[in-house]
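We have chain V already, so just place chains U, P, L, G and S on it with the hints.
6 protein chains.
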Amino acid sequence: MIHITRRERFNAAHRLFREDYTDEQNLDVFGKCSNPNWHGHNYHLFVTVKGDINKDTGFLVNLKDLSRIINDYVIEHVDHKNINLEVEFMKGKLASTENLAIAIWNQLEEPVSELGAQLHKIKLFESENNFVEYYGE
Amino acid sequence: MIHITRRERFNAAHRLFREDYTDEQNLDVFGKCSNPNWHGHNYHLFVTVKGDINKDTGFLVNLKDLSRIINDYVIEHVDHKNINLEVEFMKGKLASTENLAIAIWNQLEEPVSELGAQLHKIKLFESENNFVEYYGE
Amino acid sequence: MIHITRRERFNAAHRLFREDYTDEQNLDVFGKCSNPNWHGHNYHLFVTVKGDINKDTGFLVNLKDLSRIINDYVIEHVDHKNINLEVEFMKGKLASTENLAIAIWNQLEEPVSELGAQLHKIKLFESENNFVEYYGE
Amino acid sequence: MIHITRRERFNAAHRLFREDYTDEQNLDVFGKCSNPNWHGHNYHLFVTVKGDINKDTGFLVNLKDLSRIINDYVIEHVDHKNINLEVEFMKGKLASTENLAIAIWNQLEEPVSELGAQLHKIKLFESENNFVEYYGE
Amino acid sequence: MIHITRRERFNAAHRLFREDYTDEQNLDVFGKCSNPNWHGHNYHLFVTVKGDINKDTGFLVNLKDLSRIINDYVIEHVDHKNINLEVEFMKGKLASTENLAIAIWNQLEEPVSELGAQLHKIKLFESENNFVEYYGE
Amino acid sequence: MIHITRRERFNAAHRLFREDYTDEQNLDVFGKCSNPNWHGHNYHLFVTVKGDINKDTGFLVNLKDLSRIINDYVIEHVDHKNINLEVEFMKGKLASTENLAIAIWNQLEEPVSELGAQLHKIKLFESENNFVEYYGE
Numbered sequence: 001m002i003h004i005t006r007r008e009r010f011n012a013a014h015r016l017f018r019e020d021y022t023d024e025q026n027l028d029v030f031g032k033c034s035n036p037n038w039h040g041h042n043y044h045l046f047v048t049v050k051g052d053i054n055k056d057t058g059f060l061v062n063l064k065d066l067s068r069i070i071n072d073y074v075i076e077h078v079d080h081k082n083i084n085l086e087v088e089f090m091k092g093k094l095a096s097t098e099n100l101a102i103a104i105w106n107q108l109e110e111p112v113s114e115l116g117a118q119l120h121k122i123k124l125f126e127s128e129n130n131f132v133e134y135y136g137e
Numbered sequence: 001m002i003h004i005t006r007r008e009r010f011n012a013a014h015r016l017f018r019e020d021y022t023d024e025q026n027l028d029v030f031g032k033c034s035n036p037n038w039h040g041h042n043y044h045l046f047v048t049v050k051g052d053i054n055k056d057t058g059f060l061v062n063l064k065d066l067s068r069i070i071n072d073y074v075i076e077h078v079d080h081k082n083i084n085l086e087v088e089f090m091k092g093k094l095a096s097t098e099n100l101a102i103a104i105w106n107q108l109e110e111p112v113s114e115l116g117a118q119l120h121k122i123k124l125f126e127s128e129n130n131f132v133e134y135y136g137e
Numbered sequence: 001m002i003h004i005t006r007r008e009r010f011n012a013a014h015r016l017f018r019e020d021y022t023d024e025q026n027l028d029v030f031g032k033c034s035n036p037n038w039h040g041h042n043y044h045l046f047v048t049v050k051g052d053i054n055k056d057t058g059f060l061v062n063l064k065d066l067s068r069i070i071n072d073y074v075i076e077h078v079d080h081k082n083i084n085l086e087v088e089f090m091k092g093k094l095a096s097t098e099n100l101a102i103a104i105w106n107q108l109e110e111p112v113s114e115l116g117a118q119l120h121k122i123k124l125f126e127s128e129n130n131f132v133e134y135y136g137e
Numbered sequence: 001m002i003h004i005t006r007r008e009r010f011n012a013a014h015r016l017f018r019e020d021y022t023d024e025q026n027l028d029v030f031g032k033c034s035n036p037n038w039h040g041h042n043y044h045l046f047v048t049v050k051g052d053i054n055k056d057t058g059f060l061v062n063l064k065d066l067s068r069i070i071n072d073y074v075i076e077h078v079d080h081k082n083i084n085l086e087v088e089f090m091k092g093k094l095a096s097t098e099n100l101a102i103a104i105w106n107q108l109e110e111p112v113s114e115l116g117a118q119l120h121k122i123k124l125f126e127s128e129n130n131f132v133e134y135y136g137e
Numbered sequence: 001m002i003h004i005t006r007r008e009r010f011n012a013a014h015r016l017f018r019e020d021y022t023d024e025q026n027l028d029v030f031g032k033c034s035n036p037n038w039h040g041h042n043y044h045l046f047v048t049v050k051g052d053i054n055k056d057t058g059f060l061v062n063l064k065d066l067s068r069i070i071n072d073y074v075i076e077h078v079d080h081k082n083i084n085l086e087v088e089f090m091k092g093k094l095a096s097t098e099n100l101a102i103a104i105w106n107q108l109e110e111p112v113s114e115l116g117a118q119l120h121k122i123k124l125f126e127s128e129n130n131f132v133e134y135y136g137e
Numbered sequence: 001m002i003h004i005t006r007r008e009r010f011n012a013a014h015r016l017f018r019e020d021y022t023d024e025q026n027l028d029v030f031g032k033c034s035n036p037n038w039h040g041h042n043y044h045l046f047v048t049v050k051g052d053i054n055k056d057t058g059f060l061v062n063l064k065d066l067s068r069i070i071n072d073y074v075i076e077h078v079d080h081k082n083i084n085l086e087v088e089f090m091k092g093k094l095a096s097t098e099n100l101a102i103a104i105w106n107q108l109e110e111p112v113s114e115l116g117a118q119l120h121k122i123k124l125f126e127s128e129n130n131f132v133e134y135y136g137e
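Residue numbers (our numbering), protein chains in the order written: chain V, 1 to 137; chain U, 1 to 137; chain P, 1 to 137; chain L, 1 to 137; chain G, 1 to 137; chain S, 1 to 137.
Isolated chain V (complex conformation):
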């Protein structure tokens, strides 16, 4: 059993708020992250998969394939986008890093298994000081 991790990056705008709150309530709960005019981040995404090494190639998975999947199922949907307004797989969810990490897991779990590996962890940095990890349960 080996674990391999691929890093990809995306830049996006978002806002933390609830539609059923007033601006004052949102400011109280979410602070400056609730700014109605949005703010944004350079997100750093680390996708870890696990499984057995293919004896023919010495690989768990070909990293080109893993990178392609992450780009097809995640990066193209979020890079240079507004997470609240434009990301289908975040519709109806608060645009927190926690929820984003879980949604990315759900996007990747099946395509990773089709590569012959198992998704192990989503690690998502919002800044150099804050990151979230999700293991699928």
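Treat the hints with care, as some may be off.
[Claimed, not checked] Below, computed lysine-lysine pairings styled on BS3-like, alpha-carbon distance capped at 27 Å: (1) G:K55 with U:K121; (2) U:K50 with S:K91; (3) V:K64 with L:K32; (4) V:K121 with L:K123; (5) L:K50 with L:K64; (6) U:K32 with V:K123; (7) U:K55 with S:K93; (8) U:K91 with U:K55.
Rather than coming from a laboratory, the hints here were simulated on the basis of the structure.
Just so you know, these numbers come straight off a predicted model, no measurement behind them.
Then chains U, P, L, G and S, alone, in the frame of chain V:
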């Protein structure tokens, strides 16, 4: 003559576009950075000042003072903001990293000189792969 | 179940030594880290907490609260301090990174649980080449 | 139980290929990594060991000893070497990062136990975007 | 006048040696970098260009264009290559980081000027501890 | 003319204070950096030298020689030391990063010239947010 640099960080949303262009023209010139729904970055700002060391303190400037000035004149205006919509000192300017670096220079030149030093360089990272430097002329 | 991590930093002096050893014995066991005139580090502290996401906020914990707790219970006690001489929660302990990580766990376990989360890991970097992890048992 | 990690680095050349494949087959499976003229990397190796703290020293292990072991059993064998041609413990194996991480585990497991600790993880970065982790099973 | 920098990366094998030296002489002068079986690096290349901001776009140059030029004139020639054997613009030169930085300057000077900017600096990291800078004269 | 930079690191304790000030005055001017019980840092030192490439070697200087000089004239004097109490070349000076950078320049200028290069810059990081640069005048 010594140079000293202070790093501060801010997160903001922006969009590259011209009001006198159609969305198609904006997309053609600015690519995905023209997304009408915004995107964003973790900006890393390095402010370099220069001058002579104060013999009484061994300091060029007290870094607490330099940090306070950068926060008062720059960070509070841009952090968790929309650069196009909310930043007074960027009004009427294209929200490129180049223009932002120059505007930050203009915000800081006078307060730095009041600290007894001279502003030398603004270095502004938009991502780990891209940064701009401005020396005031 | 989600994990979220907050990084905080502090600068401190310390010395590795035993009072019941001579300077020669301390030098033999602890090397240059036993210097009686102290040395110091920029410590980087990563605090990981885990738990369920609050459906109302999309947060596990508000990172402002987590940051405040880390500052109140750890950073204010160690930043710009001498770990051997001035840190109440390290009194009577060898000032190794291992012991410091465990003491930080003990400082944070209860306040983190009062936030509604569970402390999962203390990761403490002494330098870019050395770090310690503690999971509470 | 505490975990402590030491980082060491090495620079090496390698090539991903199978002798029983033609150059075309190798290119097809391994892409540009199969270049017959080799390419190379700055590998970053993180070795994590675990165990109980020695009450006399406050250490799990003396990091000087851990560093010496990593250098003796790994770095001297791979640094500024060709992994395919010159590394005894990689003979007969595909020079993938996965296989290299496992071989490094096998080199270090016994000497670490002789230090009084237990090897916990080999984490090997091939680049800032790709790394492998191996836990010994 | 503004400066803008784009980072690109490449992985390559190389060897420091002179054909007119014996292996012993090469070892004496170039140390382990003279290994006849090659070694390699993850090179980090920072290309800085300077000039005036285009008032229509707010750009000095479009970073997509700058990135494309660096890839066409440099990265495609060196990435996953052997610098001594396969890089046309290094033929007949010692494969030192110094010579490589100068050769990269010569590759980029003209295409950068065709973009409407002026090449200012090539900064080339061989490792986190070593880098070379070249300003064209 | 080429520039080449070598990074070395050291850990040290220091204190910012004047003997002719009371503790209150020192606290007022130097803040928590004046703690009489010391604090410390992981300093990162970047030494840049310049000159012409030696045609026989492709080197400006052999980086092993440059590293040896930095270690002999600087690192051995400051690593795991108390800068105020134990560093001969800082005697009688305020232990600020500015003064330390200048003193390091004075230690290195002559030995670098004996290597056949010219010292160009001392860049000294006290933390990831603060650094000083000195060009010798």
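Now the hints, each set against the structure:
1. G:K55 with U:K121: 22 Å, holds
2. U:K50 with S:K91: 25 Å, holds
3. V:K64 with L:K32: Holds - the C-alpha atoms of L:K32 and V:K64 are around 11 Å apart, at most 27 Å.
4. V:K121 with L:K123: 15 Å, holds
5. L:K50 with L:K64: 16 Å, holds
6. U:K32 with V:K123: With a Cα-Cα distance of about 25 Å, the restraint between U:K32 and V:K123 holds, given a limit of 27 Å.
7. U:K55 with S:K93: 9 Å, holds
8. U:K91 with U:K55: 42 Å, violated
Consistency note: the structure conflicts with earlier hint 8 alone.
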